Amino acid sequence: MMISIQNVYKTYNQGLTNEVAALRDINLDVQRNEVICLKGPSGSGKSTLLSIIGCVFPPTSGAAQVAGKKLSRLPDRFLTIHRREYIGFIFQQFNLLPQLTVLDNVMLPLMVFGYPPEIRCEKAVALLERLGVEHRRHFVVSQISGGELQRVAIARALINDPPIILADEPTAHLDQKLSERFLSFMEEFKQEGKTIVMTSHDPLVVEHPCVDRVVEMMDGRTRSSCS
Amino acid sequence: MNTGLEKQRNILDYGLMSLWRRKTKNLSVLLVFALVIFLMSSFQFLTGALTDVAQQSLRLAPEITVQKMVAGRQEQIPISYGDKLQEIFGIRRVEPRVWGYHFSTTTGGNITMLGVSSFDPRLETALLHGRLPSGSSAGEVVLGQGVVRDLDLKGRRKFSFFRPELTQKTFTVTGEFKPESELLTADLMVMSIADSRDFFHISETYATDLLVTVANPAEIETIARKIAELLPDTRVVTRPQILKTYNAVFGWRSGFGSVCLLTGLAAFIILAWDKASGMTPEEKREIGILKLLGWQTSDVLAVRFYESFAVSFLALLLGCTLGYVHIAFFDGALFRPVMFGWSVITPHLHLVPVVRFGDVLLVICFTVLPYLAVTIIPAWRAASVPPDSAMR
Chain A
1 MMISIQNVYK
11 TYNQGLTNEV
21 AALRDINLDV
31 QRNEVICLKG
41 PSGSGKSTLL
51 SIIGCVFPPT
61 SGAAQVAGKK
71 LSRLPDRFLT
81 IHRREYIGFI
91 FQQFNLLPQL
101 TVLDNVMLPL
111 MVFGYPPEIR
121 CEKAVALLER
131 LGVEHRRHFV
141 VSQISGGELQ
151 RVAIARALIN
161 DPPIILADEP
171 TAHLDQKLSE
181 RFLSFMEEFK
191 QEGKTIVMTS
201 HDPLVVEHPC
211 VDRVVEMMDG
221 RTRSSCS
Chain B
1 MNTGLEKQRN
11 ILDYGLMSLW
21 RRKTKNLSVL
31 LVFALVIFLM
41 SSFQFLTGAL
51 TDVAQQSLRL
61 APEITVQKMV
71 AGRQEQIPIS
81 YGDKLQEIFG
91 IRRVEPRVWG
101 YHFSTTTGGN
111 ITMLGVSSFD
121 PRLETALLHG
131 RLPSGSSAGE
141 VVLGQGVVRD
151 LDLKGRRKFS
161 FFRPELTQKT
171 FTVTGEFKPE
181 SELLTADLMV
191 MSIADSRDFF
201 HISETYATDL
211 LVTVANPAEI
221 ETIARKIAEL
231 LPDTRVVTRP
241 QILKTYNAVF
251 GWRSGFGSVC
261 LLTGLAAFII
271 LAWDKASGMT
281 PEEKREIGIL
291 KLLGWQTSDV
301 LAVRFYESFA
311 VSFLALLLGC
321 TLGYVHIAFF
331 DGALFRPVMF
341 GWSVITPHLH
351 LVPVVRFGDV
361 LLVICFTVLP
371 YLAVTIIPAW
381 RAASVPPDSA
391 MR
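Chains as they are written, first to last, in the numbering used here: chain A, 1 to 227; chain B, 1 to 392.
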């Protein structure tokens, strides 16, 4: 099992007047090499669940295990180490640093692994070539198009070769052609053995053949169904 | 290569890249920071230079000076007190000295007219040119540079002053003191004791004070205590005490100036907090992204530290260099009114800055450390929260 979520609750601002129960009794198992899509309206808890799987923060209660490591009560330092070794993030807003070049953005995760510049560069260029944006490597990211931004974001997520890819509303800002291109990349990564968890309510994603399972979410709870 | 070392190099690269990205902001902070350090270091170097000059000049000062006090004021001391002092073991010589002030209408300050019974041959080394006066009452004098400027003799060697009862006395210049000794000699006119007695009308049985030379300089304080016990109506001043007084005066003046500068420093800290703490929403978001990509809180802080260290190190280097240049080439022109603010002929010293480790450390403590704190603490706060909150 690559991801195991058992009876997980997540409450923001616990004990305060603005307390919000984002997740309630979530149970979810994801097999190695499985692609699942978390579907649901805004505020249903998709991004919170993705954050727990992505080791951004631990759950308030319940058991979460990712790539063999129990996350509950794991200090921030160890969550970070686990995140950088096992997780690649693709964000809805891409979250690239706008003043850096494409190459510098892609190399960012490798810096804290202690790779020397030439190896970082070599790995990043190889990925950018594969994703078809190598010709833009010296461009500042604010100078490239939305589709290219997404491919740069994918390259950055994959630079550490993580076994798990998490994508939060990855096609929200893409047109149909670019969305299909993105999904074809996901299909490639699945064939390479990656485990992928995406959040989306885009039918193109939900109904794509590479998606093994769709998990519907509503008010912080899950309801699984086969794709 | 060592992975940890390579990681630190990468983080340093990122920090420098980040500095370059915000170059306009960082350059403005650097310039203001360097200005603050320049002002503080100038004060420190100037104080060091003046203390050093005082130390050098006081080498030739009397070891012990004995003055008679009546009702808390200095009075003329009977020469017979000198005979009593000879009873104390360890005293090599006692000499009378007669001195007083002559008001200079040109500068509005006082010229110190000093008459001694014999001249220490070492005093020759303090002369720029000429020779020491003879012991007669021929009116021969050696002048400090301040008096030379004041009298404006234009090559003449003779000049006259009015005695207190308005008769004239003519003096002949036989030499001038070196500019390096101006801290002590600027307003000084040295002559024989006979000339001094003649000018001030002081009888031969009295002097202004007595100068005591001791056999063993290590015994100065002990002998001074013995003199005070033997002659309870006198004030006994030792050379180390004069030096301490100079240090205290310069230290006090420097401290006063530094306190005034603290306002500027506080303003700078507020500016640094506001501008250099780097906690704009974009920068918080950057920290959030870095953390999501696997950067530890300590890595984010290291970036911030390298950035702040680079800025503060450059500012320290620039500020201290400017401070040094200000003292060495402009003789501390900005702070001369604060440091030389006494009501006598102002010395025109050429100062050699003295850079002491303690002074530089003090500047670092008052500038670099607060700057590091105000830039790193907000980054630590931002990096300590879960990365998603920084990105919302």
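There could be a bad hint or two in this list.
One-sided excerpt, in silico: chain B residues whose CB lies under 10 Å from chain A [what the hints assert, rightly or not]:
(1) V32
(2) T297
(3) L301
(4) P386
The set of hints was computed from the structure by calculation and includes no laboratory data.
In this text, all values refer to a predicted model and were calculated from it rather than measured experimentally.
Quick reminder that beta carbons are idealized off the backbone N, C-alpha and C, glycines included.
Hint-by-hint comparison with the structure:
1. V32: Violated - the Cβ of B:V32 stays beyond 10 Å from chain A, reaching only about 24 Å at its closest.
2. T297: holds (7 Å)
3. L301: At 13 Å from the nearest chain A Cβ, B:L301 fails the 10 Å test, so the hint is violated.
4. P386: Holds, because the Cβ-Cβ distance from B:P386 to chain A comes to roughly 4 Å (cut-off 10 Å).
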